[in-house]
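**Student:** Take the given structure of chain C and dock chain V to it, following the hints.
Given next are the chains, with one letter for each unit.
Protein chains: 2
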Amino acid sequence: MRNLRIGIDAMGGDYAPEAVIKGVVEAVPLLDEGSQVVLFGDKARIEELLRAEGYEGGQIEIVATTEVITMHDHPAKAFQTKADSSIRVGFEHLANGKIDGFASAGSTGAMMAGALFTVGVAKGVIRPAISAAIANVRGGYTLLLDVGLNVDCKPEVLAQYALMGSLYAKKIWGLESPKVGLLNIGEEESKGNAASKAAYQMIAQMEGVNFVGNIEGNDYFTGKADVIVCDGFMGNVLLKMSESLRYIAKARQIDDDFLARLNYEIKGGTPALGVNGVVMVGHGSSTVYALRNMVKETELCIKAGYAEDIRKAFAPEE
Amino acid sequence: MRNLRIGIDAMGGDYAPEAVIKGVVEAVPLLDEGSQVVLFGDKARIEELLRAEGYEGGQIEIVATTEVITMHDHPAKAFQTKADSSIRVGFEHLANGKIDGFASAGSTGAMMAGALFTVGVAKGVIRPAISAAIANVRGGYTLLLDVGLNVDCKPEVLAQYALMGSLYAKKIWGLESPKVGLLNIGEEESKGNAASKAAYQMIAQMEGVNFVGNIEGNDYFTGKADVIVCDGFMGNVLLKMSESLRYIAKARQIDDDFLARLNYEIKGGTPALGVNGVVMVGHGSSTVYALRNMVKETELCIKAGYAEDIRKAFAPEE
Numbered sequence: 017m018r019n020l021r022i023g024i025d026a027m028g029g030d031y032a033p034e035a036v037i038k039g040v041v042e043a044v045p046l047l048d049e050g051s052q053v054v055l056f057g058d059k060a061r062i063e064e065l066l067r068a069e070g071y072e073g074g075q076i077e078i079v080a081t082t083e084v085i086t087m088h089d090h091p092a093k094a095f096q097t098k099a100d101s102s103i104r105v106g107f108e109h110l111a112n113g114k115i116d117g118f119a120s121a122g123s124t125g126a127m128m129a130g131a132l133f134t135v136g137v138a139k140g141v142i143r144p145a146i147s148a149a150i151a152n153v154r155g156g157y158t159l160l161l162d163v164g165l166n167v168d169c170k171p172e173v174l175a176q177y178a179l180m181g182s183l184y185a186k187k188i189w190g191l192e193s194p195k196v197g198l199l200n201i202g203e204e205e206s207k208g209n210a211a212s213k214a215a216y217q218m219i220a221q222m223e224g225v226n227f228v229g230n231i232e233g234n235d236y237f238t239g240k241a242d243v244i245v246c247d248g249f250m251g252n253v254l255l256k257m258s259e260s261l262r263y264i265a266k267a268r269q270i271d272d273d274f275l276a277r278l279n280y281e282i283k284g285g286t287p288a289l290g291v292n293g294v295v296m297v298g299h300g301s302s303t304v305y306a307l308r309n310m311v312k313e314t315e316l317c318i319k320a321g322y323a324e325d326i327r328k329a330f331a332p333e334e
Numbered sequence: 017m018r019n020l021r022i023g024i025d026a027m028g029g030d031y032a033p034e035a036v037i038k039g040v041v042e043a044v045p046l047l048d049e050g051s052q053v054v055l056f057g058d059k060a061r062i063e064e065l066l067r068a069e070g071y072e073g074g075q076i077e078i079v080a081t082t083e084v085i086t087m088h089d090h091p092a093k094a095f096q097t098k099a100d101s102s103i104r105v106g107f108e109h110l111a112n113g114k115i116d117g118f119a120s121a122g123s124t125g126a127m128m129a130g131a132l133f134t135v136g137v138a139k140g141v142i143r144p145a146i147s148a149a150i151a152n153v154r155g156g157y158t159l160l161l162d163v164g165l166n167v168d169c170k171p172e173v174l175a176q177y178a179l180m181g182s183l184y185a186k187k188i189w190g191l192e193s194p195k196v197g198l199l200n201i202g203e204e205e206s207k208g209n210a211a212s213k214a215a216y217q218m219i220a221q222m223e224g225v226n227f228v229g230n231i232e233g234n235d236y237f238t239g240k241a242d243v244i245v246c247d248g249f250m251g252n253v254l255l256k257m258s259e260s261l262r263y264i265a266k267a268r269q270i271d272d273d274f275l276a277r278l279n280y281e282i283k284g285g286t287p288a289l290g291v292n293g294v295v296m297v298g299h300g301s302s303t304v305y306a307l308r309n310m311v312k313e314t315e316l317c318i319k320a321g322y323a324e325d326i327r328k329a330f331a332p333e334e
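Residue numbers (the numbering used here), protein chains in the order written: chain C, 17 to 334; chain V, 17 to 334.
Next comes chain C alone, as it looks inside the complex (with noise of 0.2 Å):
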């Protein structure tokens, strides 16, 4: 088995390239013996950040490239007329097997555009997920999805979020049976949306999923489930209300682990679910702490394979 090769996009986010550089520096004595990090990006700025870092390992590449997507382009149309962008060579390469994974804290719109144009959605999936990690107070994680991608779901889609969330969350975590929730307003089969009470009958029906039912908003914070469904615009109005509440706890003082952990740099990426491959976004402002992990979180999520698992469940024929 050939080493794992780490796709990172050098170009993408607020602070790029310097602290992408920076955050790979640091990652790449975290990685695995033999991991390798393969940067997309201006080659010539790269290594002079490389040298200025002082790195002279041999555990990074660099694939020249002279575009950029910047966050003012439109998604889809930048990464087919930007043929020579990071993200779309980066693509390119993971299509062809020559990286394992690929991630980026640049335009989230232009590394979906990418995964659909390149490695596709996987067979069966109807529409793929953003998930995020939230903490919550057991000092774990709750795998919140759609956190943005869908933002109107149909039943079917929040039913397939069940299942590839569990599946990430076993692979992932470890965990043996997730308990997965459907996010609504009352615990009782019959509340909610039109949209949540079709697909508590679905999740409820589906094999290899451990159904706890509906999850009501006080239990979001608690791990009462493992991973939680819901549609892209409450999932990314809640993360975003999170993640604010670790902001709100550094304000007022506040000193305390649980609302310390609502932070999105300790996981740095966040996978998208449903494609094939291992594709991860970053926050736009993502700091050199929060892409030293995204670096981390790829490497983890190349070696647990869930995106094969997510491949396998939905086109099992094949």
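These aren't lab readings, by the way, just hints derived from the structure by calculation. Treat the hints with care, as some may be off.
The list treats identical chains as one, so a pair stands whether inside a single copy or across any two.
Stated by the list, open to error - Result set (SDA-like, lysine to any residue): computed pairs, CA atoms no more than 20 Å apart in a straight line: (1) 59 x 30; (2) 256 x 153; (3) 319 x 206; (4) 240 x 142; (5) 213 x 299; (6) 93 x 128; (7) 170 x 207; (8) 195 x 265; (9) 266 x 239.
Owing to the predicted nature of the structure, the values given are computational and were not obtained by experimental measurement.
**Tutor:** What follows is chain V alone, placed relative to chain C:
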């Protein structure tokens, strides 16, 4: 002008009637001189409880009723069949002008059914809402609506919530021009789900609403808006999540004023907006402290006259 008459369901809530009577007795000295509490419920039991509390004043009246709508009853059916229930008789008094507002910690569904069957929805209002005051880090409150009545909201309904919330915040909080925001997943007007995108355009064109645009999850607690509009599915999840933070803070021994204020008991009850009259809904598990404050809040709502403002705003020709 005759004195205010505050109708209270003595039989509503998990700890009724004991907690209600205690709460009312505690509330009476805090009310305006001459304000009258009118209790609906089991007369003998109420009198017994009033004696036990040592209450001998003249500010509490009792209207005897013999039936109770429970949390297990079908709300609308129970309202119609239990003709001598405390909620039904309370609403009849409200509709006849014998009381100026009616509050209950009993079945929210029965309260809304009662409002619709008696005083009715204000002319021009598509759907009433239940709002809730959520503590913000500025030391004040943000009005969130809807918090559970309408789980699938059309854009027109969300737009009306903007105006109703604004009129309420003006009168209750004395704000000249309350900042109204639409809960959404991005700042730009092009962001959101189908309903929020359409609602944005409608609210932006509304007269009498100081629309500050989209509010993201990270500004849910910051007081960036005085009124936050969302559908009842989102609002219910957020309300319960907010409330849970108070318990999390308590369990983790976090001593913080903002987190402590995420406590429904402080207001005790929350108004239904868009119905013809002051209708207050309390938490099912209301304590004496919560019920005491519900009585006070109902008096405040009656005095503020927001219900009349809403009526006029939606049917200006009358």
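**Student:** Tell me the hint numbers this structure goes against, listed in increasing order.
**Tutor:** 3, 4, 5 and 8
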